[in-house]
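Q: Fit chains B and C to the supplied structure of chain A, relying on the hints for placement.
Each chain is listed here by its residues.
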Amino acid sequence: MSGIATLPDRAISVGRLRWRRFRTHRAAVASLIVLALLVLFCLAAWPLKTYLGIDPDATDLLARFDPPSAAHWLGTDDAGRDELLRLMVGGQISLLVGLLATAIGGIFGLLIGVTSGYFGGRIDAALMRFTDGMIILPLLPLLIVLGALDLTKLGFTKEFATSGAAGFWRIVVIISIVDWTSIARLVRAAALAIKERDFVRAARASGAGPFYVMRAHVLPNVATPIIVAFTLTVGRVILLESVLSFLGFGIVPPTPSWGNMLNNAQELVNTAPALAVYPGLLIFITVIAVNFVGDGLQHAFDPRSERS
Amino acid sequence: MTRFILRRLMQALIVLLVMSFVIYGLIGLMPGDPLDIMIASNPGATPEVVAHLRAIYGLDQPLMLRYWHWLISALMGDFGFSRIHSQPTLEVLGPALLQTCKLLLASFVVSVVLSFVLGIVAALRPGGIVDSFISLFAFAGISVPVFWLALMMILVFAVNLHWFPASGMANIGDGGFMDQARHLIMPVTTLALANTGGFIRYVRASMIETLRMDHVRTARAKGAGEGRVVLIHAFRNALIPVVTVIALNFGTLFSGALLTETMFAQPGMGKMIYDSILGNDFNLALTGLLFATVVTLLSNLLADLAYGWLDPRIAVR
Amino acid sequence: MSGAEIFALDGVSVHFDLGGGGLFGRARKTLRAVEHVSLTIADGETLALVGESGSGKSTLGNVVGGLQVPTSGTLRYRGGPMDEAAWKRARRDIQMVFQDPFSALDPRMPVSAIIAEPLLIQGTATAAERRARAAELVRQVGLPLDALNRYPHEFSGGQRQRIAIARALAPDPALIVADEPLSALDVSIQSQILNLMQELRERRKLAYLFISHDLAVVNHLVDRVAVLYLGRVVELAPRAELFATPSHPYTQALLAAVPRIGRRRARGASSIKGEMPSPLAPPPGCVFHPRCPKAQAVCRTKAPVLEPAPGRAAQSAACHFKE
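Residue numbers (the working numbering), protein chains in the order written: chain A, 1 to 308; chain B, 1001 to 1317; chain C, 2001 to 2323.
Bound-form chain A, shown alone (with noise of 0.2 Å):
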């Protein structure tokens, strides 16, 4: 009996085996590799902020549409900022917002698909009604709603109102408000099978209730298909962020995000048109990796998936 405790873990071999099936799929591996770069460059906005001492936010009218220099790497913008500087700052806002926004609609969705699989009967059918109507609604227009949304009018201040916390805040909490039912749909799909399981019924024999059942067996055994919908949901919310701050509903200047970059970018491309290429092409790089990713994930989970 001294030995159980010492023993080697064996669940890592199907982690082990996982990677090697994920490092099969090429594209996901340099997904990943270009992820961690674009990670890297966001971050380096500090070093080189204090290296170049420039603040990414100061405008200068006089420096409009500078061509790359020394001072500044890739040129200034319409502002006549730092457009290398903001490029990476904005990278830090639209990759946080992707995944604050499936982390906080990915555990609603969660609750939701749980709590409608495991419970069933009425419980279930007025969840999924509800899933389904929001599943149905045009995302869009929803979203530019929500965005324009005037938030005094929810009975918050207008400091707090007009302050960039609150575009931040905001776009992140609608988007997680509209972005749950693939999750929710999934889990609770989970929920179902697991739940019939012979495992589960020894566990509500002894006596366990549900919350024991949905901690201990649902979540675990749900928990490869919600890292492959988390990381498929992270590239679609980068593109809702992308297309609200470009039309001005999301991210509100001069805080920069690859979206809202873009806002003058329709003038821009006669005048500048780097500047209306290098932002969107960056939500681009970076959406198509974490799709490969997933698709990675998936192949890497399902052992029954053919190489793609």
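No wet-lab data here; the hints were simulated from the structure.
One or more of the hints may lead you astray.
If you want the footprint, here are the derived chain B segments under chain A, 3+ residues with CB under 8 Å [stated by the list, open to error]:
| # | region |
| --- | --- |
| 1 | 1014–1022 |
| 2 | 1071–1080 |
| 3 | 1135–1146 |
| 4 | 1283–1297 |
If you want the ones that stay clear, here's a sample from chain A, every Cβ over 10 Å from chain B, calculated [as the list claims (entries may be wrong)]:
| # | residue |
| --- | --- |
| 5 | Pro47 |
| 6 | Leu96 |
| 7 | Asp150 |
| 8 | Val287 |
No residue lacks a Cβ here, since even glycine has one placed at the ideal position from N, Cα and C.
A: Using the frame of chain A, we list chains B and C on its own:
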């Protein structure tokens, strides 16, 4: 089957009703109110006058009551007056909806054709070089921000190459069919490229699955030609899930269309809703959003029906 | 009967509402899975529930295991009524083993956690005690000690069933409800598990409610047999009597279907025709009459009561023409 349709229609109506209330409430939470501009343009308005005006417009009543009045008149076909267009909202909406439908249909056809061809080709040799390229293309389509793709199209084809006009639906006036078509090419291509990505993945996955099914292998064993196997035996079965998924994704498609229009300054639903929200045109925004909901609801209903029709196993439930 | 009564069912019925009767006025459907069943299980006794699939035997097992609340009828535990406090004790005293060993173990849990889970749920042991108990049980069911830190997918079906049995033993129960514990296993493994169950019974004075569709398996292990048909007990008898002189025509047919070495398969009289009717619409009178070779007019109208067969006090059957 009739009962199934009726039940789905009932459900759709309920969702619509709930949505109309939600949208109505949300619109009320947008900045300003319908009187702002009226008051701003009349500096002499005293608080009493303002209160009187609010009473006339019913703005002092509770939300439920205002919604009720709105609902009654909406059911009679009166969706109010658009402030920025000075026209009944329905008259503004009509042409915009038509324009959006043109764009939607054209790009839908293009992307369906494109995705079926590419998806089937990719499925023939999964993992091959051709498949890899098509997959990359598909992933790019899913991952590209539509508005940025539109920008890049404008940058390349309008600004640099001057092949197509960057915006609008016609040069002067109606412009005739050819001119309209020329203006539609870039928006249609943009939207089609963005949508094709997702479609390709569905077609490919579905085709790979059916090509492995027993009846397809039987057809092969019987000596049917490869083309016949792929097109007659596999494709027909692969169609079912694809049609459903594509129809169910209509909401995404619609959102993409709204964006594309805005980017190319086409006078469709997207631009209309966008302008109405920016311009505090509450009635128009409300009507626009409501019709956007109706369009998505209808497409989902059609998807369900198509599914039942294509796959007799689940027809009546 | 060998000991004190552990669990008793008195007139228990389980009906499942299958919907209908809603807005669109379809007929309400009720599945009568178990109909007015009375049984008792005593300490150290093995009672078999035998029947075809759909006979309600698993539902009955679920009732005893506390997974299914009966629609009507009363349950008794250790002589007292089954209230909440009694269930709390019964959850320790009654454990379950299921048919499919692949579904019975959580693939994400190491074996040590699986075996000790009932103790964790019931909060009766510390983490250290649970580990010690798991180690003890793993040996008792004949698995190597290093099985504790492995995961279910590393085990074969028979080994998994041993783990499931170890889990059932964890809270030191008096009764184990075994729902077809052998039917998913290879024949060679079946006898091993059967031997293990037999050995455990002797060592721990366990009682079993052994659910099976196979009379042949039952013959090795059990003291008494209850034969179920369409949710009703049609015959209840000590094993020896049941096998020697089956009283109900259904039991006779079941026995005739058991292949035995050195004996020709009985033909003709006792073979039954057709399939079991749907429990959604059980036939009137005796539910067995549509398939019964002895059926008379009375069988179509009057349901027989479970009563001792003529001259055999211990053996009861529900038949107008019992032997």
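Q: Which numbered hints are broken by the structure, listed smallest first?
A: 2, 7 and 8
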